[in-house]
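Participant: Listed below, chain by chain, are the residues.
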Amino acid sequence: MSVTAQPASRGPLFAGHSKLSDRIGEPLLRVLTGLAALAGVGVLVWIAYTVFNQASPAISRFGFGFLGTSAWDPVHLRFGAVDFIFGTLESSVLALLISAPMSVAIAVFLTELAPRVARRPTQILVELLAAIPSVILGLWGIIVLGPFLNNTLEPALNGAFGWIPLFSGSASPYGMLSAAIILTIMTVPIVSSITREIFDTTPSEFKEGAYALGATRWEMVRMVVIPYAGPGIVGAVILGLGRALGEAIAVTQVIGNTAGIHASLFPPSGTLAAQIASEYQGATSNLQVASLVYLAAILLVITVIANAAARLIVSRVTAGREQWAP
Amino acid sequence: MGAVSPETSPLLAVAPRDRRRRVVNRIMEVVASIAALAAVALLLLVIGSVVVKGISALSFSFITQNPAPFGQPGGGIANSIVGTAELVGIASLIAIPIGILIGIYTAEFAPSWIGNSVRFSLDILNGVPTIVTGVFIFGLLVVGSQQSGWAGSVALAIVMLPIVARSAQEVLALVPRSLHEAALALGLKRWRVVLRIVIPTAAGGLVTGAVLGIARVAGETAPLLFTSSVFSNLGITTSPSQALPNIPVTIFTLSESPSPTDHARAWAAALILIFMVLVLNIVARTFHDRSRRRLRG
Chain E
1 MSVTAQPASR GPLFAGHSKL SDRIGEPLLR VLTGLAALAG VGVLVWIAYT
51 VFNQASPAIS RFGFGFLGTS AWDPVHLRFG AVDFIFGTLE SSVLALLISA
101 PMSVAIAVFL TELAPRVARR PTQILVELLA AIPSVILGLW GIIVLGPFLN
151 NTLEPALNGA FGWIPLFSGS ASPYGMLSAA IILTIMTVPI VSSITREIFD
201 TTPSEFKEGA YALGATRWEM VRMVVIPYAG PGIVGAVILG LGRALGEAIA
251 VTQVIGNTAG IHASLFPPSG TLAAQIASEY QGATSNLQVA SLVYLAAILL
301 VITVIANAAA RLIVSRVTAG REQWAP
Chain F
327 MGAVSPETSP LLAVAPRDRR RRVVNRIMEV VASIAALAAV ALLLLVIGSV
377 VVKGISALSF SFITQNPAPF GQPGGGIANS IVGTAELVGI ASLIAIPIGI
427 LIGIYTAEFA PSWIGNSVRF SLDILNGVPT IVTGVFIFGL LVVGSQQSGW
477 AGSVALAIVM LPIVARSAQE VLALVPRSLH EAALALGLKR WRVVLRIVIP
527 TAAGGLVTGA VLGIARVAGE TAPLLFTSSV FSNLGITTSP SQALPNIPVT
577 IFTLSESPSP TDHARAWAAA LILIFMVLVL NIVARTFHDR SRRRLRG
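Chains as they are written, first to last, in this note's numbering: chain E, 1 to 326; chain F, 327 to 623.
No lab work stands behind these hints, which were simulated from the structure alone. Incorrect hints may appear among the rest.
Partner residues are not named here, just some residues of chain E that face chain F (Cβ under 8 Å, in silico) [unchecked claim]:
1. Glu26
2. Thr33
3. Pro203
4. Arg217
5. Val301
6. Val304
Just so you know, even glycine gets a beta-carbon here, dropped at the ideal spot from N, CA and C.
Based on the provided sequences and hints, a complete structural model is requested.
Facilitator: Right under this line is the structure:
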């Protein structure tokens, strides 16, 4: 790389630049950008360190037993996370059970069915769903969705399927079902847009091959597009799961924020993120604050694992796909 | 593979099964279309609710006046609009330059394994729940001090950083290698190539990332809940060393109140917020499409 020869004539791009500025500018930009990258990576470590550090009073008091204890009693200072871990997993898994198939269907519509002119606008509309601030979705959940669940949907579900424990008990405007529906709305745009991107990488030769063999459109999708995208869809769903697990505001607005594990979807419950959001400010003791931060630490670990797994899967699936086309 | 007989291959099946296949195909097409329609309908339902319920409480004075003292009717959210602008402004000043620098680093200087690790870390950072970011900044800047606009802005900047940086990385990677090589062959140093050629070429895409980042954090509540949510007065606060009232926290507080007038105010504030966020998103997407088309040629 060492270039000692001077350019024979200096073009307009070189006018007025001395070699001194190169000697300062070149390493300066290198160092500045390198430091920025270091900061981007470092902040992740810093977050983990600070959260675990702030949680240490609760960690040393309760140990790992916290993870398996069902208790949230700020008066007698007995705290445990299992109710909220369960609520977090239940609300997110329920949401993805609805949003994953829906997202795959949307991706099929966008890549195979929609008329070409309608594709981009429909895609933008679906993705705009992700742009709605969660506090507004929560407001909608409190005022529009909650009463609908309480007066219409939950009594109807109870009437038809009341013998299933999930739909037993009396209706409530705040609860697990409401949270799951809000999280469904939040995850559909994420999962569907990633799934669509992966579907788009299906080589058209494969599709044409299936059509040439006489496959219908659905058979082509089932036998070519979906298997080809296979693990990528799993990755997209886990990414959506990561989002659902960590959502605090909208869930805290609609779930009712109580500890306890219920068989039914109707009564108020709690999640890790929602519990932190609802109690952090009103916390009355240092141990309660530390316990809430312990919840944050658990949430951080869960979401980092989910996101890391999803990213690795998605990047492995999409890697090299663009080059494939002959 | 062997010979394919009409009896064993579903693809070559004849009459009765054929009809069933066509029916299944039709059903699946309808299901997929309904799913897409449902997602669009949900968007319109939520936005429609906000518009219908918000517009009746929205007025000129709602935007220009500060909240009325407790128990009195009227008043607006001028203080929150100013506060949100300030919080998002400071967050942008932190996150946009750092994000673009990260993009330049991975596109121009980093060996590929470092670039990949940085990309991966940013994706993980993007997945950190924003409530955890709030707890982090609370522990870092609020404990032992007090809530402040600075703390809120830094929390928002952390949420914004991976969005800006990832989109910068992607758009910078699209700048044609031939432009690079031509400039380097002319004897230009790398930093000049970056400042004179790469950044101007990718400018549209960089703006897109920045605007998307702004749109995302303008509506964030969770990072502000512990960092900028308790306000000393109802007036406009400009000093970031105090907690800054802001639209998302205002909506959150009003939505938790049992009073219908508070709910009406929450809807009106939501209408202002959703309008801002949607406009920013549409602007970003238009920019995005246009710059991609230009870069791809």
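Participant: Would you settle whether the hint for arginine 217 of chain E is holds or violated, based on the nearest Cβ-Cβ distance to chain F being less than 8 Å?
Facilitator: holds (6 Å)
Participant: Holds or violated: is there a CB of chain F closer than 8 Å to the CB of threonine 33 of chain E?
Facilitator: Cβ of threonine 33 of chain E sits 3 Å from chain F, so the hint holds.
Participant: Mind checking the CB of valine 304 of chain E against every CB in chain F and telling me if the closest is under 8 Å?
Facilitator: This hint holds: valine 304 of chain E lies near chain F, its Cβ roughly 6 Å from the closest one there, short of 8 Å.
Participant: Are glutamate 26 of chain E and chain F close enough, Cβ to Cβ, to be under 8 Å, as the hint says?
Facilitator: With a minimum Cβ separation of about 5 Å from chain F (threshold 8 Å), the hint on glutamate 26 of chain E holds.
Participant: Using Cβ atoms only, decide whether valine 301 of chain E comes closer than 8 Å to chain F, and label the hint accordingly.
Facilitator: violated (10 Å)
Participant: Next item in the hint list is proline 203 of chain E. Is there a CB on chain F closer than 8 Å to its CB?
Facilitator: violated (19 Å)
The structure fails to meet hints 3 and 5 from the earlier list, while all remaining hints are met.
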